[in-house]
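Below are the chains, spelled out letter by letter.
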Amino acid sequence: MTLVLEQLLNGVQFGVMLFLLAAGLTLIFGIMGVINLAHGSLYMVGAYAGAIVAAKTGSLLLAIPAALAAAAAAGVAMELLVLRRLYQRDHLDQVLATFALILIFNQGVTLLFGRQPLFVSIPPLLNGSVELLPGLSYSVYRLTIIAVGLLVAAGLSILINRTRVGMLVRAGATHRDMVRALGVDIKLLYTAVFGLGALLAGLAGLMAGPILAVQVGMGEQILIMTFVVVVIGGVGSVRGALFGALIVGIVDTCLRAFLPGLLRQVMAGSEADALGAGLSSMGIYLLMAVVLLLRPKGLFPSHA
Amino acid sequence: MKARGLLFGLATSLLMSAAAFAQQAPVKIGMITTLSGPGGYLGQDIRDAFKLAIEMEGGKLGGVPVELVVEDDGLKPGQGKQIAERMLKTDGIKIFTGIVFSNVAGATVPDIVDAGALYVSPNAAPSNLAGKECNANYFVVSWQNDSLHESAGQNATNLGYKRAFILAPNYQAGKDALSGFKRYFKGDVVGELYTRLDQTDFAAEMAQIRSANPDVVFQFHPGGIGIAFLRQYQQAGLLGKIPMVVAAPSLDAVTLAAVGDAALGLNVSSHWNSDLDNPANKAFMAAWTKAYNRPATYYSSQGYDAALAIASALKGTSGKLDVPALDKALAKADFQSVRGAFKFGPNQHPIQDWYALKVEKDGEGKLALKTVGKVLTNHGDAYAAQCKL
Numbered sequence: 000m001t002l003v004l005e006q007l008l009n010g011v012q013f014g015v016m017l018f019l020l021a022a023g024l025t026l027i028f029g030i031m032g033v034i035n036l037a038h039g040s041l042y043m044v045g046a047y048a049g050a051i052v053a054a055k056t057g058s059l060l061l062a063i064p065a066a067l068a069a070a071a072a073a074g075v076a077m078e079l080l081v082l083r084r085l086y087q088r089d090h091l092d093q094v095l096a097t098f099a100l101i102l103i104f105n106q107g108v109t110l111l112f113g114r115q116p117l118f119v120s121i122p123p124l125l126n127g128s129v130e131l132l133p134g135l136s137y138s139v140y141r142l143t144i145i146a147v148g149l150l151v152a153a154g155l156s157i158l159i160n161r162t163r164v165g166m167l168v169r170a171g172a173t174h175r176d177m178v179r180a181l182g183v184d185i186k187l188l189y190t191a192v193f194g195l196g197a198l199l200a201g202l203a204g205l206m207a208g209p210i211l212a213v214q215v216g217m218g219e220q221i222l223i224m225t226f227v228v229v230v231i232g233g234v235g236s237v238r239g240a241l242f243g244a245l246i247v248g249i250v251d252t253c254l255r256a257f258l259p260g261l262l263r264q265v266m267a268g269s270e271a272d273a274l275g276a277g278l279s280s281m282g283i284y285l286l287m288a289v290v291l292l293l294r295p296k297g298l299f300p301s302h303a
Numbered sequence: 000m001k002a003r004g005l006l007f008g009l010a011t012s013l014l015m016s017a018a019a020f021a022q023q024a025p026v027k028i029g030m031i032t033t034l035s036g037p038g039g040y041l042g043q044d045i046r047d048a049f050k051l052a053i054e055m056e057g058g059k060l061g062g063v064p065v066e067l068v069v070e071d072d073g074l075k076p077g078q079g080k081q082i083a084e085r086m087l088k089t090d091g092i093k094i095f096t097g098i099v100f101s102n103v104a105g106a107t108v109p110d111i112v113d114a115g116a117l118y119v120s121p122n123a124a125p126s127n128l129a130g131k132e133c134n135a136n137y138f139v140v141s142w143q144n145d146s147l148h149e150s151a152g153q154n155a156t157n158l159g160y161k162r163a164f165i166l167a168p169n170y171q172a173g174k175d176a177l178s179g180f181k182r183y184f185k186g187d188v189v190g191e192l193y194t195r196l197d198q199t200d201f202a203a204e205m206a207q208i209r210s211a212n213p214d215v216v217f218q219f220h221p222g223g224i225g226i227a228f229l230r231q232y233q234q235a236g237l238l239g240k241i242p243m244v245v246a247a248p249s250l251d252a253v254t255l256a257a258v259g260d261a262a263l264g265l266n267v268s269s270h271w272n273s274d275l276d277n278p279a280n281k282a283f284m285a286a287w288t289k290a291y292n293r294p295a296t297y298y299s300s301q302g303y304d305a306a307l308a309i310a311s312a313l314k315g316t317s318g319k320l321d322v323p324a325l326d327k328a329l330a331k332a333d334f335q336s337v338r339g340a341f342k343f344g345p346n347q348h349p350i351q352d353w354y355a356l357k358v359e360k361d362g363e364g365k366l367a368l369k370t371v372g373k374v375l376t377n378h379g380d381a382y383a384a385q386c387k388l
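Top line first, the protein sequences correspond to chains A and B.
Mapping of the first sequence onto numbering that gives the first Met the number 0: residues 0 to 303, in sequence order.
Mapping of the second sequence onto numbering that gives the first Met the number 0: residues 0 to 388, in sequence order.
Incorrect hints may have been included.
[To be verified] Below, in silico cross-link-like pairs of lysine-lysine (DSS-like), each with a Cα-Cα straight-line distance of 30 Å or less:
hint, chain 1, residue 1, chain 2, residue 2
1, B, Lys331, B, Lys80
2, B, Lys360, A, Lys55
3, B, Lys289, B, Lys373
4, B, Lys342, B, Lys289
5, A, Lys55, B, Lys365
If you are wondering where the hints come from, they were derived from the structure by calculation, not from laboratory data.
These figures come from a predicted structure and were not determined experimentally.
Given the sequences, and given the hints that come with them, work out the whole structure.
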């Protein structure tokens, strides 16, 4: 039982990381209609900036603003220099341009920092684990990730549903031309949304640093999952991104953790392992296919 | 007997000086290796060690002037194949070496040996080339892929572990790793998991390891994912609680530096270590440190041994590029390997000793791999019997 709970927590933690990336991606896609393949590169920029500042200064308090600022600055620069020219073009041009950005970011990071992965240690305050229930101890750092992610979700919900900027964002997502016709500086809004999405990606990268290896190409590994989240949740919907991310995180983790064991009850060990590994890596894509079949606009579509 | 040896030495040295007088063009050696991408440091170490061996002999191997032609395959099998074709046809190269990864070797080596050229592998040795498809022109100085993990299995058995939990990525080399381990592990396997090759978060696997509570964990995760695995093993509080055995590719001097304290106490099995006590290794380590001033990996040792092996073949034919004669000379393994005892088995793969290493802190508190004992003696491979040469 504690194993199930622990795996659920692992799933939630993974889901929260996916949410931070998916929130930005879904806003950018929903509002500007841009498919930003280079979103994973912003995650990488945040991770590198955090890792390097933490290594040079030894201070996490400096690493946090550094990572957020670097990712947001990279995002704003990306929007101003490249994407701004592509809003009127079709999706193929956008995909090609943002794919080129991936290559440029990866090569740039390789030139600056080399191919060897960087490592960040967990801050001493968050190192260790707490006993949540008898027999269930869980890493404090991973719990912190869950808490930060849920706080960000609450903050985004307030920002989008309760503030003037949020109103413009919602309006931009559904009636882009009308917003422009009302005299709103849509260009500034686009840049701001892009910067916000980049900042969240940078936050995800910063928090991933101490768990995973900070290395070139780390963004592409998680980007595909992020797109699955956006499709399941519904394009342009932050609420959809949150629930989609939690669903994908929990389903993926639980399939990986329990499917081989369940299959072993009905077939030989090695076959069960091979089949279980195969099925569990397919799981979330199957889920995406089912969602697309039943609810083509996702579970929480923004254009109701 | 002694007099004959002396005479033979005299004769060869005379022959060699005759060759030198003739001012023959240097023998070209084609090195196709991986120098770019995350695995780039592997090829770099092989190349640099090979160059070192040539420099130590003053631009010669086995007394024959040589020229090393290096090309980067970029870890792409197609690219390796193209480079081999160009070197064979345009440059007329007869001696090849260098390939790091098994998938590149699988696409490239058959072309080279079928074209009647010699290939000496400094690293990759997939099982299909070791058994039925073995070839008189194909030599391996490193190991057969499975042997790495067989040695880890034997190491776990020797250390007295009874219940093992084993993990590897879900691809061919991962499956080979687990089956190699199981071939030599005498205890029970209480859990067997395949991870995804692109997976970086192992929280779910850590929870399963903890709940299975085995005596030992064996894992094979090469490169960056292995580093992430070890760090999460430490973060999950498993390091120090459940011991781990790994094979050499999961922990070399470069990954050790990146992993840091999360590697402390790890049991590694390898065919070479920087502290092996034999004259050839001491000479190699001194020259390597002087030339490059960075830690030598086992890839370096294999690049160096590949150069020595080719030197012994060239010496045997006095520099004549007659491939069957080179094969014959090479098969004798008449060189001092930095590993100590070394000979070729019937499929021209090594028969060698495997050592148990442990990650410990040295006098200055720096992490280092220490040799603590022998795991297997004169170990060949499981495919030699299928090879009819």
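How the hints compare with the structure:
1. B:Lys331 - B:Lys80: holds, 29 Å
2. B:Lys360 - A:Lys55: Distance of about 24 Å is within 30 Å: holds.
3. B:Lys289 - B:Lys373: holds, 29 Å
4. B:Lys342 - B:Lys289: Answer holds: Lys342 (chain B) to Lys289 (chain B) is near 29 Å, not above 30 Å.
5. A:Lys55 - B:Lys365: holds, 20 Å
Hint compliance for this structure: every hint is met.
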